[in-house]
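> Chains as they are written, first to last, in my numbering: chain A, 2 to 228; chain B, 4 to 473.
Do not take every clue at face value.
Stated by the list, open to error - Calculated cross-link-like contacts (lysine-lysine; reagent style DSBU-like; alpha-carbon spacing at most 30 Å):
#1 A:Lys104 to B:Lys235
#2 B:Lys111 to B:Lys63
#3 B:Lys328 to A:Lys203
No lab work stands behind these hints, which were simulated from the structure alone.
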Amino acid sequence: MPNVLVIEDDVQTLDEIVEALTDHGCAVDTAQTGRDGLMLAIANAYDAIVLDRMLPGGLEGLSMLASLRSAGVVTPVLILSALSAVDERVRGLRAGGDDYLTKPFEFIELTARLDALMRRRDAPPSVQEYRAGPLQLDLLKREVTCAGRPVPLLPREYRLLEYLMQNQGQVVSRTMLFEAVWDYRLDERTNVIDVHISRLRKKLDPAGSMPMIHTVRGSGYLLRAPD
Amino acid sequence: MRLTELHRTTSFRLATLFLAMFGFASILLFGYLYVEITGFETERVDEWLRREHAELIREKPDDLVARFEHQNQYDPRTQRPFGLFDASGHHLAGGYPGDRPAIPAFDKPFSLRLHGLPHNPPGRCIAARFPDERVALQCQNTRELDHFDEELLHALLSAAVLTLVVGLLGAALIGVGSVRRLDAVTASIKEIVAGNLSQRLPMHSKQDDLDRLVRVVNGMLDEIERLMREVKGVCDAIAHDLRTPLTRLIAGLERAQRRAQTKEEYREALENTIAEAGGMLRTFNALLRISEIESGVRRESFEPVDLSAVAMDAVELYEPAAEDKGITLALERSSPEPYSMQGDPSLLFEALANLVENATKFAPLGGHVCVHLFSNAGGFGVSIRDDCPGIALKERQAVLGRFYRGEASRHTPGNGLGLSLANAVAGMHGMEIRFAEVHTGCEVQLFKPHESPDARNNRREPANSLGVSS
Numbered sequence: 002m003p004n005v006l007v008i009e010d011d012v013q014t015l016d017e018i019v020e021a022l023t024d025h026g027c028a029v030d031t032a033q034t035g036r037d038g039l040m041l042a043i044a045n046a047y048d049a050i051v052l053d054r055m056l057p058g059g060l061e062g063l064s065m066l067a068s069l070r071s072a073g074v075v076t077p078v079l080i081l082s083a084l085s086a087v088d089e090r091v092r093g094l095r096a097g098g099d100d101y102l103t104k105p106f107e108f109i110e111l112t113a114r115l116d117a118l119m120r121r122r123d124a125p126p127s128v129q130e131y132r133a134g135p136l137q138l139d140l141l142k143r144e145v146t147c148a149g150r151p152v153p154l155l156p157r158e159y160r161l162l163e164y165l166m167q168n169q170g171q172v173v174s175r176t177m178l179f180e181a182v183w184d185y186r187l188d189e190r191t192n193v194i195d196v197h198i199s200r201l202r203k204k205l206d207p208a209g210s211m212p213m214i215h216t217v218r219g220s221g222y223l224l225r226a227p228d
Numbered sequence: 004m005r006l007t008e009l010h011r012t013t014s015f016r017l018a019t020l021f022l023a024m025f026g027f028a029s030i031l032l033f034g035y036l037y038v039e040i041t042g043f044e045t046e047r048v049d050e051w052l053r054r055e056h057a058e059l060i061r062e063k064p065d066d067l068v069a070r071f072e073h074q075n076q077y078d079p080r081t082q083r084p085f086g087l088f089d090a091s092g093h094h095l096a097g098g099y100p101g102d103r104p105a106i107p108a109f110d111k112p113f114s115l116r117l118h119g120l121p122h123n124p125p126g127r128c129i130a131a132r133f134p135d136e137r138v139a140l141q142c143q144n145t146r147e148l149d150h151f152d153e154e155l156l157h158a159l160l161s162a163a164v165l166t167l168v169v170g171l172l173g174a175a176l177i178g179v180g181s182v183r184r185l186d187a188v189t190a191s192i193k194e195i196v197a198g199n200l201s202q203r204l205p206m207h208s209k210q211d212d213l214d215r216l217v218r219v220v221n222g223m224l225d226e227i228e229r230l231m232r233e234v235k236g237v238c239d240a241i242a243h244d245l246r247t248p249l250t251r252l253i254a255g256l257e258r259a260q261r262r263a264q265t266k267e268e269y270r271e272a273l274e275n276t277i278a279e280a281g282g283m284l285r286t287f288n289a290l291l292r293i294s295e296i297e298s299g300v301r302r303e304s305f306e307p308v309d310l311s312a313v314a315m316d317a318v319e320l321y322e323p324a325a326e327d328k329g330i331t332l333a334l335e336r337s338s339p340e341p342y343s344m345q346g347d348p349s350l351l352f353e354a355l356a357n358l359v360e361n362a363t364k365f366a367p368l369g370g371h372v373c374v375h376l377f378s379n380a381g382g383f384g385v386s387i388r389d390d391c392p393g394i395a396l397k398e399r400q401a402v403l404g405r406f407y408r409g410e411a412s413r414h415t416p417g418n419g420l421g422l423s424l425a426n427a428v429a430g431m432h433g434m435e436i437r438f439a440e441v442h443t444g445c446e447v448q449l450f451k452p453h454e455s456p457d458a459r460n461n462r463r464e465p466a467n468s469l470g471v472s473s
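Please work from the sequences and hints to get the whole structure.
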């Protein structure tokens, strides 16, 4: 069970986040000031930290993050902020944040991003291929085979599949896919990505007999090896 | 403002100040003239006296009495009273009445009041002393001269009084004029403050400084009125656009309350509710983002961007969706070099994606959408051309506003914020959204004019008659 520390001063938001993470299967510790959060984060080994940018009590989110990083703690940190401006985001990532989520957000977005952060940390440094059931993706040759049959993919489709396989078994949101595959940050949710996914699906499984990419109602997709 | 407050007006004060300065200068000038003119007259008399004196000195002593008597005969009005006195000062000869007066100095002219004559007129005299102790006094009655001096002084004083009166009247007139104009302006402003925003400050045909100010203020009022109307429109639109999903949401919940029996039915109702609420949240987020972009906060995040690469990505993103609708989505470029500029790639992509999405949404089944990268002398940009019926001229400004949905798009999904976002992004990047007329359909351009000092100042001006300022 992953261990997550949530640092957020607004009690109601904190409660909601804790509920959502608990439902997602995380053990959650909480802190309401930067100082408490910093002490907890240094004392315990967490799998991830959710950090609000605006914190009371003298130690603001970004300075708390900087202190944490200078103390040698490398736990992935997801920054929450009501400030959506791009330079705020850049500032947050520069201070040592690993991802940045603007309030208000959907909780599925939060859990999906946290999963991706933890997975990225746990991933072995040099993977040469991803496998999911009959599906095989060769990172070196950039080739995909399904049950031994080669699947020709367009470059963008290949990157989509690569990201989905990298995060297999986890929900990835459309915005995450968009950021990873198209390299643009799109705050507005777009359904146009669904068409790309359905094309990919058809290429992987023309008969529709063993679905692997599942649509998660709400905001994302999930790649799972067929049972 | 009442007339009793006239003295407080700037123009009246200015006019009286000028009057005072003019008066002071006039007094100086008049004083100088007076001194010069009277000095000249006295000098003329003195000159004559010196000549007479010189002649007298050369006269033989025995002829003096005869000379004085002779002179007296030719001067019946005693304009030039001469007098010859013996050593003890008794009158010997000449028209001078009475004995010798006190003489301050000999052989040079001096002023003397001629007491023996009627009215004791003033005079200029010169005295000579002879070796036999006799004293000769030659005088010129200067009453006429003094009279002239008085007349001169009188004229100067009259002129001064006249100037003062005319000047004060003029100042009052100017003051009253400006009070009237200011009263009119004040009345208009009061009316505007009271809520009548269509009121404008009165203009005169004078084209003076006040008119320039009035023109600027009126321009500002036009802008404020436009903004107020826009804000009102946006508020109405928000209310309207949120009422619709809220109604749907409540209807769905009520239906679930009435009918739902099983867990699945409740789950479905919940999911629908979440989807509706999520949609409303996204509308709010989009609104906030547009305001944020319009306020230009993101400008710090600018980096070099290749517009052609962004356009290609946008086309590639929408190609499968367009293909499913049977629409051909093509990318053309008129020159191979990169279309580089400073900007926020994500925002530019979003703006272009919105424009491409609009085009694919409104193009008919089997239609064509062409994304064209072009550059010309004025700048460069991307045009998106489609087969849709096009946007009516009168709708062109409106489609860029928040929540506006054209007649054709009433029944398609969307929140009416796509073009406003594109417009905000364009404005932030110094670009323009322009609509062009093509015979096959309509064309929207995202155009980046070349930066020139002139263009920078006139960024708000439309680039052509079809252009829409960004």
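> Confirm or reject each hint.
Each hint tested on the structure:
A hinted pair counts as satisfied when its Cα atoms are at most 30 Å apart, and lysine 104 (chain A) with lysine 235 (chain B) qualifies at roughly 27 Å. Only pairs whose Cα atoms come within 30 Å are accepted, and lysine 111 (chain B) paired with lysine 63 (chain B) is accepted, the gap being roughly 21 Å. Pair hint lysine 328 (chain B) plus lysine 203 (chain A) holds up; C-alpha atoms about 17 Å apart against a cutoff of 30 Å.
Checked against the numbered hints above, the structure breaks none of them.
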